[in-house]
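K.L.:
Here is how the chains run, residue by residue.
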Amino acid sequence: MAVSDAPYRASPPRARRAGPNPVWLAVAGAVICAAPLIAVAALAVFGGWTDYFEHIARTRLTTYVVNTLLVGATAAVIAGAGGTLAAWMVARYRFFGRGAYEWLLALPLAMPAYAAAYGWYDLTSAAGPLSFLPTVRGPFGAGLIFGLTFYPYVYLLAREAFAGQSVEAYDAARTLGCGPRSAFTRAALPLARPAIAAGLALVVMEALADFGTVVHLGAPTLSVGLMRAWAGEGSLPDAARLALILVSIAFVIFFLERLMRRRARQSASSGRRRPPQRVALSAPLSALAAILCAVPILAGLVIPLARLGWRAMHAPVARGLGEAAWNTVLLSGLSGMIAAGLGLSFAYALRTRRRRAAFAARLAGLGYAVPGAVAAVGVLGLLGWVQGGLDDVWRAATGGPFPVLLTGGIIALVFAYQSRFVAAAIGPSESALSRVTPTLDHAARSLGAKPMEVAWRVHWPLISSGAALAGLLVFVEVMKELPATMILRPFNFNTLAVTAHNYAHDERLGEAALPALVLVLIALGPMIWIARRITRTEAARREAEADLAERTGAGWQ
Amino acid sequence: MKKTVSRLALATGAAAAALAACGPQEDVREVNIFSARHYASDEVVFNAFTEETGIRVNLVEAGGDLLIERVRADGERSPADLIITVDAGRLQRAEEANLFQPVGDLGGAFDQLPDSLKHPEGLWFGFATRARVIAYAPDRVDPSEIAHYGDIANPEFEGRVCARSSNNVYNQSTLAAMIANEGVEATEAFARGVVANMAREPQGGDTDQIIAIAAGECDVALVNHYYFARLARSDDPEQRAVAEATAITFPEFRSGGTHINVTGVGMGANAPNRDEAEEFMRFLLSDTAQRAFAELTNEIPAMPGVEYDNDVLDGFGAFNADDVNISELGRNAAEAQRIFDRAGWQ
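Going line by line, the protein sequences match chains Y and A.
Numbering of the first sequence is given in the working numbering, commencing with residue 569 and proceeding in unit increments.
Numbering of the second sequence is given in the working numbering, commencing with residue 46 and proceeding in unit increments.
Treat the hints with caution; some may be incorrect.
Here are the in silico distance ranges between beta carbons for each label pair [stated by the list, open to error]:
hint	chain 1	residue 1	chain 2	residue 2	range
1	A	R319	Y	G616	27 to 35 Å
2	Y	I859	A	E246	53 to 61 Å
3	A	E289	Y	W1097	47 to 55 Å
4	Y	F621	A	G261	40 to 48 Å
5	Y	A855	A	E88	47 to 55 Å
6	Y	G665	A	E289	16 to 24 Å
7	A	E96	Y	F700	32 to 40 Å
8	A	Y353	Y	A964	51 to 59 Å
9	Y	P758	A	E88	55 to 63 Å
Just so you know, the hints here were simulated from the structure itself, not pulled from any lab data.
This structure is a prediction, so every number in the text was calculated from the model and none was measured.
All C-beta atoms in this analysis are idealised placements derived from N, C-alpha and C, irrespective of residue type, glycine included.
If we strip away everything but chain A, and leave its shape as in the complex, we get (with noise of 0.2 Å):
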C-alpha cells in the first residue's frame, strides 16, 4: 500500500511539474479561443488556420453560460481572444456583460456579411447558420400544409406532432424570432396549439424526433436542418434508411421568412492577443473556413456566394430567411421561455 501510494504521488507529481513546465512560450503567436461549439468542420478549420499563419489556436469547449460566467469571473485577467456560441442569445448576453469589444472591417468581410447575421455596432457575428425546419413524413403530409411554423399548431395536426424540449436553445431561439415577427400573443397561441397536438411528451433530441416521425410515432417535428443532412449523409444504412422516410421543408413566419440561428464569434473586452484574434476571424469568413462549415457539418455558409461541394445540402434549395436581425432573439429569449412554461411545453 504504502509504495503505491507513494509511487502515485511520484507520478501525479511529475506530471503536475510537466503541466506546468508547458506554458506558453513568448516567442509563438497564439489566440485563446473558448468555444461553445464541438463539431467535425471545428478541428479542421483550426488547424488550416494554424497552417496558413502560423499561429497556434487554444482551446477551451464548454456551455456557452459557463463560458460567459468564466470570462466574467477572469475579469481583466481573462485570457479570452474570441468567445464562441452555438446561439445568438448567448453572444447578446456576453454583449450585455460587456465581454466584447468592437473589431475592424476584418479586410472587407465584415461588409460582406449580411445586415441580419451581425451586430449592429460590430460588437459580434454570426459565421455559420443553421435553419430551423419542419421535418414531416412525405406519405402523410404534404409539405403546403406546413408551409408556416404555425401550421403545425392547427388542430389538423393533433397527436401527430414530436417535439423536442423547451430546455433546447433552437427551439427557445425559435420562438424568440417568433416573437419577434408575430408577436407575443400569436407565438403564445402557437405554443399552446403544438402542446395540445403533441403525440407525445417531449424528449429526446433533434435527430430523436427525425427518427420518431420515420418510425411513425408522429408526422411532423421541428429540427434543426443539419441533423436531417447528417443522417441523408451517413456511412450507417439504418440512418440513411430514416432519412429516406422523411423530408424536411423550410416553413416561414407568417411575416415571412424562415428561421436561423448563428454560430458567432466576439473579441473579448480584454483579449491579450488581439492581432491574432482579428486575424482568426477573418479566416474563419474565408472561404476555406467557410466551406468546412457546408461540407462537413452542413451548415449553412454566412457569407453569400461561397462554393462548396455538398448534394444534400444543395438539394435543399434556396430558401427565404428571416431578415429580423438575430440580436432579437436574445432579446426575446426570456420571454419565450416564458411563453414555454405557461403552455406546458415540457
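Pulled out of the complex, with its shape left as it was, chain Y reads as follows (with noise of 0.2 Å):
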C-alpha cells in the first residue's frame, strides 16, 4: 500500500538509501495507472448535471451509506481476526497438517465473492438444506462473504511479517511475565500491525467496489447507487460523481493505514535476528489448531463450492473450459508478472521517503476502490480519446486511420488491470522491501557493491517472496476479474470467470461450478509455490544478515 513509513528509526527520514531509486519512473507509472480514473472524474466534472443526485440523497443516500459502512466493517472484523489468527498459528505453531494448511488458507481468494454469496444464498434461504441456519443476506450477510473469501490478504501479508518478525519481543514479554496471549497482543501483534493493515485495506477496498454479491444478498451499498444511476437513470456522470465518493472514503482508508504504520515505527526491532521457532502443540490443542484452521476453507471456499458443484450434477458441462483456462492463465500470468514489477519500482520510490513518491503510489493505488464497471468505463474513455488522437495524426501522415484498434486486445486488458490492481501488488512488495534495513545496504556499499549490485545481490534474495506475493495476489485478482474483461477482450475470448459468470448471472449455478471449480485448481499452484518460497526468503534472510555481520566483524546494530 501507499506508505512509505518503515517500521523501523535506524536512521534520520531523508537517509540515503543505496539501490535504485526510481521515483520518476514511480510518478510515471502512478498517472498510467491513474488515467482511467482520471476521464472518470473528468467525466463527473464535465459530465451534464441533472437532479438526480437531489432525488438520491433524499430517497436512499443514508441506506447506501450505512449499508457501505456495515459491509465493510463486517468484512474487516472477520478478515482481521480470522486471517490474524490464521497466520499467528501457522508460523508460529507445530499441528497436524501445518504444511498443507500455510497454503491452503489462502484458497478462498480464489473463489469469487459472488459465487460463494450464490451458493451460501442457495443453501441456508428458506428452501435450502442449512435453512436452520440463519439466511446469508443483508449488510451483515455479504459483509460475512467478503470476510471469508477476502481474508487471505490478511492472512497472506500477516505471515509474512510473523515469520520474519524476530522472536525476541514476543520471548521477552514471556520473560516479562506475560502469558502467551498478552505476549501475542502486546509484542508480536504490533509489529504485525502495518501488514495486517495493508491486508485489511484490501479487503475493505474490495466489499467496497462490489455489486453482484450485495445486490443478490440484498444490502445495497453505494456502487449499488452508483450502478443505478448509471444503469437506471441512464447517467454516466452521475455515477462517476458516485464513484469519487468512493475513491474518497478510499483515501481515508489509505491515511488510516499510514497511521496504522506511522504509530508501528516506534516498536521498532533490530538487532540480530532469531529465527522464529515453532511451538509443538500438544494432542489436544495440535488438533483444536487444526479444526480452527479448516473453518475458514471450508465457508470461504468448500462449502459454496460444493454447494455449486451439487447442482453442477443435473446440469449439462459447460463448454470450451480448456480454452477459456489457457486464456485466464495467459491474462492472469502477464499482468501478475507486470504488476509485480511495478510494485517493486513502487516499493523502491517509496523507500527514498519522497513526497513525490507517496503520492504517487497513492494515486495509482486509488483505482482499487472502483466498481470494475466504472473502472471499465474510463478505460474504454481513455482509450477512444487515444485512438482518436492516433488516427488524427496517423491519417495526416498515411491518409488512413491509425492500422490496430486499441479496445478489444490483450494490451488494453492488460492495461486495465495494472490500473485497477497495482495496489495489491505494492503493498506487499513494500511490506517486503522495509524489511531489508539501511543498515545492510550501507554493509554492502561498504564493501564495494553498486546501487544495482546491492539490490540484485543483497535486497532480491530478501525480497523476491514480497515480490511473489504481490504477482500472486494481482493474478488471482485478474483471474476473477469480470467487467473490464468482457467489454475489452477480443472476439471469441472467453475466460474462466467470465463463463462462471454468465451461467450464475443468468441463474444457472449448476453450470457455473465447473469453472468457478478450474479457477480455484488453477490458483491452487502459485498459492503452494508462494507458501515454500517464503519458507525458503527466510532462510536465505537469515543467512544473509548472518554472513553480513561476520563479514562486517561485528553484530551490526
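Please dock the two separately framed chains into a single complex, following the hints provided.
P.N.:
Below is the structure:
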C-alpha cells in the first residue's frame, strides 16, 4: 500500500539508501495507472448535471451509506480476526497439517465473492438444506461473504510479517511475565500491524467496489447506487460522481493505514534476529488448531463450491473450458508479472521517502476502490480518446486511420488490470522491502557493491518472496475480474470468470460450478509455490544477515 | 526463479504472437456481434447460421450498458455489426446515442413482426420475448385474486409477497410499462403497496423467489415466465418439485395486456459487415432460430405462427400481450427507477 514509513527508526528520515531510486518511473507509472480514474473524474466534473443527486440524497443515500459502512466493517472484523489468527498459528506453531494449511488457507481468495454468495444464499435460504442457519443476506451476510473470501489478504501479509519477525520481543514479553496471549497482543501483534493494515485495506476496498454480491444478498451499498445512476437513470456522469465518493473513502482508508504504520514505527526491532522456532502443540491443542484452520477454508471455499457442484450434477457441462482456462492463465500470468515489477518499482520509490513517491503510490492504488464496471468505462473513454488522437496523426501522415484498434486487444486488457489492481502489488512489495534495513545497504556499499548490485545480490534474495506474493495477488485478482475483461476482450475470447459469471447471472448455478472449480485449481499451483518460497526466503534472509555480520566483523545494530 | 520467469515470459510471448496472428482473414465472411445474452439457445443458433450461410460469427458478450459504452468509445472504428441486448430500455439508449442504422425489410420478415416489438423507424426490433408473470402458491392463492399486477399491492397480500431487487432490469421494465399503461401515480401506489406487503427484504434472483414460494416463505412474486418453465423442465427432481408446488399466471395491467420485454437487436451505425449483419438478422427471425429460442430457452417467439415442441410453454396457453410499443420502456426507465427509490423498494 501507499505507505512510506517503514517499521524501523534506525536512520534519519531522508538517509540515503543504496539501491535504485526510480521516483520518476513511479510517478510516470502512477499517472498511467490512474489515467482511467482521471477520465472518470473528468466525466464527473464536465458531465451534465441533472437532479438525480438531489433525488438520491432524498431517497436512498442514507441506506447506501449505512450499508456501505456495515458491510465494510463486518468484512474487516472477520477478515482481520480470521486472517491474523490463522497467520499466527501457521507461523508460530507446529500442529497437524500445518504444512498443507500454509497454502490451503490462501485458497478462498480464488473463489469469486459473488459465487460464494450464490452458494451460501442457496444453502441457507428457506428451501436450502441449511435453512436452520440464519439466511446469509443483508449487510452482515454480505460482510461475512467478503470476510470469508478476502481474509487471505490479511493472512498472506500477516504470515509473512510473523515469519520474518524477530521472536525476541515475544520472548522478552514472555520472560517479563506475559502469558502467551498477552505476549501476542502486546509484542507480536504491534509488529505485524502494518502488514495486517495493508491486508485490511485491500479487503475493505474489495467490499466497497463489489456489485454482484451485495445485490444478490440485498445489501445495497454505494456501488449499487452508482450502478443505478448509470443503468437506471442513464446518467454516467452521476455514476462517476458517486464513484468519486467511493474513491474518497478509499483515500481515508489509505490515510488510516498510513497512520497505523507510523505508530508501528515506535515498536522498532533491530539487532540480530533469531529465527522463530515453531512451538509444538500438544495433541488436543494440535487437533484444535487443525480444526480452527479448517473453518475459513470450509466456509469460504469448500462449502459454497460444493453447493454449486452439487447443483452441477443435474446440469450440462459447460463447454470450451480448456480454452477459457488457457486464456485465464495467459492474462493473469502476464498481468501478475507486470504488476510485480510495477509494485517493486513503487516500493523502491517509496523507500526514498520523497513526497512525490508517496503521492504517486497512493494515486496508482486508488483504482482499486472503484467498481470494476466504472473503471472499465474509464479505460474505454481513455482508449477512445487516445485512439482518436492516433487516428488524426496517422491520417495526416498516411491518409488512413491508425491500423490498430486499441480496444478489443490483450494490451488494453493488461492495461486495465494494472490500473485497477496495482494497489494489491504495492503493499506486499513495500512490506517486503521495508524489512531490508539500511544497515544492510551500508554494509554492502562499504564492501564496494554498486547500487544495482546491492539490489540484485542483497535485496532480491530478501524481497523476492514479497514480489512473488505481489504478483500472485494480482494474478488471482485478474483471474476473477469481470467487467473490464468482458468489454475489452477480443472476439470469441472467454475466460473462466466470464464463463462462470454468464451462467450464474442467468441463474444456472450448476453450470457455473465447473468453471469456478477450475479457477480455484489454477490458483492452487501458484499458492503452493508461494508458500514454499516464503519459507525459503526466510532462510535466505537469516543467512545473508549472519554472513554480513561476520564479514563486517561485528554484530550490527 | 530466473529460469521459471524466462520460461513463463517465453510462453506468454509465444501465446501473444499466436493471438496476434489469428486476426480476421480476408476471404472469410464474418459478422461481429456484441451481445448481452448468454443463453443455451444462442450457441445453437450461431452454429446453425454459420452452417447455413458460411458466415463466421465473432462474439463478445458483456452487460448492455458496457456494450453501449464500448461502441460509443470506438466510434467510427467500432467493429460492431450487431448489438443485442436483453432489454428494450438498453436498445432505446443505444438508439439515443446514435449507435444504430436502419435495416431493410429482411426479406419480408420485418413486416410480419408485431408492431409493438419493433422500433417505429426500424432501427431495432425484438426477436424473442419474455413475459413478466406472477408466480404463486396454488394451495394458498386463487389465480383470480391476481388477475392484475396491481392486485399484489392490495392489503390482502400483506406479508405474502416476495420480490427481487429493483436493480433488476425486468422489474424496472415492468414498472416502466405500468407507467405507460396506468400513469405515474398509480404506478407509485403499486410500488408502495408491494413494499408494504413484502414478506422479506428483496434478495436473490427470479428462481429464488419461486423457491421461496414453494418453501412457504411467501405466496406470490413477480418473475419472468421462462425461469418457471426451466424449473418445470429440469432434469433435477428437486427443481421439478419446486415447479410442481407453484404455478404462474399471466396478469394484466388495468388497461389490459401482460407485460412483455424483448431480446432485441440493432445494426451498428458503422457496421463493417453490413450484408452479413442483415443476413444474420433475417436468420434470427427464421423458423430455425425462433424454434430454438422456444425449445431451448423457453422464450416466446417474436414471429407469429412459429411451430415448436415445448409442452410447458404450450401449457401456459394464449395470453394477451401488452400492445404498448416497447420503445416506451426505455423512455420511462428513469422514472420507473425513481419510483422504486421513493417507494423504498431496495
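K.L.:
All hints, please: hold or fail.
P.N.:
Results of checking the hints against the structure:
1. A:R319 with Y:G616: 27 to 35 Å: holds (33 Å)
2. Y:I859 with A:E246: 53 to 61 Å: violated (34 Å)
3. A:E289 with Y:W1097: 47 to 55 Å: Distance hint for A:E289, Y:W1097 holds at roughly 50 Å.
4. Y:F621 with A:G261: 40 to 48 Å: holds (42 Å)
5. Y:A855 with A:E88: 47 to 55 Å: Hint holds: Cβ distance 50 Å, inside 47 to 55 Å.
6. Y:G665 with A:E289: 16 to 24 Å: violated (45 Å)
7. A:E96 with Y:F700: 32 to 40 Å: violated (52 Å)
8. A:Y353 with Y:A964: 51 to 59 Å: holds (56 Å)
9. Y:P758 with A:E88: 55 to 63 Å: holds (57 Å)
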